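Peer 1: Here are the chains, one letter per residue:
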Amino acid sequence: MKTTFTILLVLCSAFAVHAQVDSLFEARRARLIDVVSREQEKSPYVIASKIHKAFEIDRALVLLDSLTYDKGIGGMFYSYSLIGTYLFTKDAIPDSLRKKVRLAYQNRMMYRGDTENHWVMYYTGLYLAAQTWPGETGETWFNGKSSKENLREAGGWLNEWFRISSTIGQGEFDSPTYFITFVTPMIALYEFAADPVMKVKAQLMLDLLFADFAAEHLEGNYGGAHSRDYPEDIINPLGAPSTMWAWLYFGEPKFEQWEETRFRPRNRGGWEAVFGALSSYRLPAIIRNIATDRSESYVHTETKRVRNIIRFGKEKNPPAFKYTYMTKDYVLGSLHGGILQPIQQHTWDVTIPTGKPYNTIFTLHPYYSGSELGMFFPEELKFLSEEVDRYHKVYTNPGKWNSSSPYEQTFQHRNTLLVLYKLEKGVMQPHIDGFFPKNLDERVVDSKGWVFCRTDDTYVGLYFVKPGEWTEETVNWRWRSRALNNGIIVEVGSESEDGSFQTFRTKVLSARIDLKDFDRKNAIHYTNRHGIEMQFSFNGPRVVNRREINLKDYQFFDGPFIQSKWGSGVITIRYKNHSRVLDFTRATIQESH
Amino acid sequence: MLFAGLVWFSAEAQETILMSVLNSRKHRLNVSDNPVVGVFASTDAGNSWEQRGWKEYIRTFYTEADECGVLWSACGNGVLRSTDQGTRWVITTGWEVTEVLKVAVDPSKSSTVYAATAYGIFKTTDDGRTWREKKIGLALPFTSDVVVDRSNRNRVFAATEVGVLLSADGGDSWKTAGLNGLGVRAVVQDPSNSARLWAGTQDDGIFGTTDGGTTWKRMNDGLQHKTVYTIAVHPNNSSLVYLGTHGGGVYRTENGGRKWERRSDGLGNPDVHSLLVLKTNPNTVFAGTLNGGLFRSADGGNTWQFNSQDEGQVWGLSSK
Chain A
55 MKTTFTILLV LCSAFAVHAQ VDSLFEARRA RLIDVVSREQ EKSPYVIASK
105 IHKAFEIDRA LVLLDSLTYD KGIGGMFYSY SLIGTYLFTK DAIPDSLRKK
155 VRLAYQNRMM YRGDTENHWV MYYTGLYLAA QTWPGETGET WFNGKSSKEN
205 LREAGGWLNE WFRISSTIGQ GEFDSPTYFI TFVTPMIALY EFAADPVMKV
255 KAQLMLDLLF ADFAAEHLEG NYGGAHSRDY PEDIINPLGA PSTMWAWLYF
305 GEPKFEQWEE TRFRPRNRGG WEAVFGALSS YRLPAIIRNI ATDRSESYVH
355 TETKRVRNII RFGKEKNPPA FKYTYMTKDY VLGSLHGGIL QPIQQHTWDV
405 TIPTGKPYNT IFTLHPYYSG SELGMFFPEE LKFLSEEVDR YHKVYTNPGK
455 WNSSSPYEQT FQHRNTLLVL YKLEKGVMQP HIDGFFPKNL DERVVDSKGW
505 VFCRTDDTYV GLYFVKPGEW TEETVNWRWR SRALNNGIIV EVGSESEDGS
555 FQTFRTKVLS ARIDLKDFDR KNAIHYTNRH GIEMQFSFNG PRVVNRREIN
605 LKDYQFFDGP FIQSKWGSGV ITIRYKNHSR VLDFTRATIQ ESH
Chain B
15 MLFAGLVWFS AEAQETILMS VLNSRKHRLN VSDNPVVGVF ASTDAGNSWE
65 QRGWKEYIRT FYTEADECGV LWSACGNGVL RSTDQGTRWV ITTGWEVTEV
115 LKVAVDPSKS STVYAATAYG IFKTTDDGRT WREKKIGLAL PFTSDVVVDR
165 SNRNRVFAAT EVGVLLSADG GDSWKTAGLN GLGVRAVVQD PSNSARLWAG
215 TQDDGIFGTT DGGTTWKRMN DGLQHKTVYT IAVHPNNSSL VYLGTHGGGV
265 YRTENGGRKW ERRSDGLGNP DVHSLLVLKT NPNTVFAGTL NGGLFRSADG
315 GNTWQFNSQD EGQVWGLSSK
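Protein chains in written order, with the working numbering: chain A, 55 to 647; chain B, 15 to 334.
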């Protein structure tokens, strides 16, 4: 099939501004490579940085040598990072070491994994390796397939992933933790794919990943709800791996993540962004603009998909509906609820860019069950929980900070959110938890049932239908309710929206809460501080000002910056009079203004 | 290559046991010279074991050998095949085939193999060079077991999350054959009576048929643990059957399922996921557990002794 690639560029009149932005980017990428080149751990990114900088090359070659037989890295992580490092540095490494790299793809049986990010890494690595060593027989590859067969298989899967991701979305969408496992392989694919169509598709995917992030980005934070996330990144958003990519490409946050202990990633060696710094991929200015311009508040909705369901459901990838309200002061975002991802779902939060760590507030039901895991993993239901605990440590922990739950549903309208919990009797972990950082400037428990929080000039009010208990923990207050049926009303505001904190509180206290059907139907009828009327009941309709919201009307992307019709494969990015159309169906990018 | 396999399996008429270890509490990513996951083989009734092939973790659920000694392994990475006793393996499937839980070689034509996967049933008729999805009539895809009828190779049984399915045309189409709506974990054909089959279920115990799958009877008398992962039938005595259960270890019947008795004395782990009765010495029975390793009984299941794979998940056992 012949595919054409067209880029229509109309030069921007503000060329000088862009040149300055570009020079700042160049400075950041040089800075990152320089910092990482001085590290010493056996990391593909340290090796690539050292060789690129021609700094401690002997040390880099020793590290690369040991990497060629290191089986301490999971097969899929190894698959793409080794070939990426090799391709970024091969001109500087001796033939003997090149041969060792080649043999790594013969002698090591690489695990393909069982998640979307695993497969992206595995098949990107296999694609680039097969392309790098063409014409070789199956005897020289770990899986017994020839170079040609491996290239065809890997390309086939990658093309299928591009198609799904651009039509019904990623299953592991909007993840601050796992963002790196998609963007880093795509950087390598963009940089080294010899097939021009594959290179364009990698560019399309990079643009899509960054645009998807940009629309929910606020000063380095990946705002809103997330398909899956590590608890450490949920409670401390700027510590997530995605932050370093935001710094590199968006120029935010303004500080260097590795220099700030409180925001340093868990894994000090998480230097994946080095591949970005070494790459010729340049983020389109339009995406950087939508990531950083918060002069206007906006609603952004998305339809993503549930991860592959293999049991207990007729539909393999049901839709996951996402709503985000973005302002310059905060992000309030939510998924519609239920089990959309096993283990690590983050259904809703408000994130506030305060400069402090733990800048978020959210609640969850810390659910777990073998049946939930059995929807997504083929192992035995009755032992999966224990098995998952081996890897994710907290799955069965009653105090965990990530979870999907069939007993949780949300309804959001701009800066107001309703959350309903309807726990069955006998459910494991029969409680609801809320995370409130201790470093809030104010946390006031009002006698009328509201809790008001202030951090800098941003305000959050939460009303709990049934009361809970407060306990102090290391970095946070934990609110815990043991009522099986509960509801939470969340109002978020700021000085620019509401004036003073006292004014915000007064407005919220004057809002009308009607709970007469709560005990019977789990129904909340709420008129918020702006006079917007919201009605919501568990498994019932979502109604705003007496108009029912049908989540199925959500498009793939819908907001001022990104629009895409669900299933179309065409994504339009807009900023002011500037647009960029990512057409995955024709592998074209069209930019104009 | 093929000849090597023939020698291995037939020259001394010994029974080779294949054990698939999915994972282990001792497993870490670092691979040592003594791997704890993968395919292990024994040619001396379990007195010693040798790891075959790759040493890395790729989720190995089940492995069996065909009549020529060719090995087929059901893995997370797909269906793997080895013609040299496991020294080298080829992943025969592409990206479309994943999470393979069981393979079944057609006993009368070893180039034909069925794969039961989390995403449906696949079949090859050319030694794995090509695979085709077999989904007509498959209501839901998740399939945990597949069995080719010895007496009629076109009849294939599948254990699915909504019952036992039967294909009368070599997998081209499927129809419900019983246990409609029940989660079925395992289907086994009696080695000495092809009309007799057993089906173990997720929560409903054990069912048997004596008419080739036309009618099924619940046979749970004495069975206190209703999650049945695995079934093994004595090679020459249809009345003697073993079940591997979740939480209850091994159960045995000596009367064709009319009454079950728990036989778990010495079993260090109550979750038994794989069972094997040696053809060459039916008093020797193996039980593979979830996280407890492999146990062996020398007295037909009356007592068990730990054998190997401490803390390992012995997902599958087979022998040839």
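Be a bit skeptical, because a hint or two may be false.
[What the hints assert, rightly or not] With the C-beta cut set under 7 Å, the calculated list includes, among others, these residues of chain A facing chain B:
(1) Met-163
(2) Tyr-165
(3) Arg-166
(4) Asn-197
(5) Gly-198
(6) Lys-202
(7) Glu-207
(8) Gly-209
(9) Trp-211
(10) Ile-364
(11) Phe-437
(12) Lys-570
By construction, these hints were calculated from the structure, which means they are not laboratory data. Only a predicted model underlies this, so the values are computations on that prediction, with no experimental measurement involved. Using N, Cα and C, we set each Cβ at its ideal position, and we do this for glycine too.
Peer 1: All hints, please: hold or fail.
Peer 2: For each hint, the structure was consulted:
no.	hint	verdict
1	Met-163	3 Å, holds
2	Tyr-165	5 Å, holds
3	Arg-166	5 Å, holds
4	Asn-197	4 Å, holds
5	Gly-198	3 Å, holds
6	Lys-202	13 Å, violated
7	Glu-207	5 Å, holds
8	Gly-209	10 Å, violated
9	Trp-211	4 Å, holds
10	Ile-364	4 Å, holds
11	Phe-437	5 Å, holds
12	Lys-570	41 Å, violated
Checked against the numbered hints listed earlier, the structure breaks hints 6, 8, 12; every other hint is satisfied.
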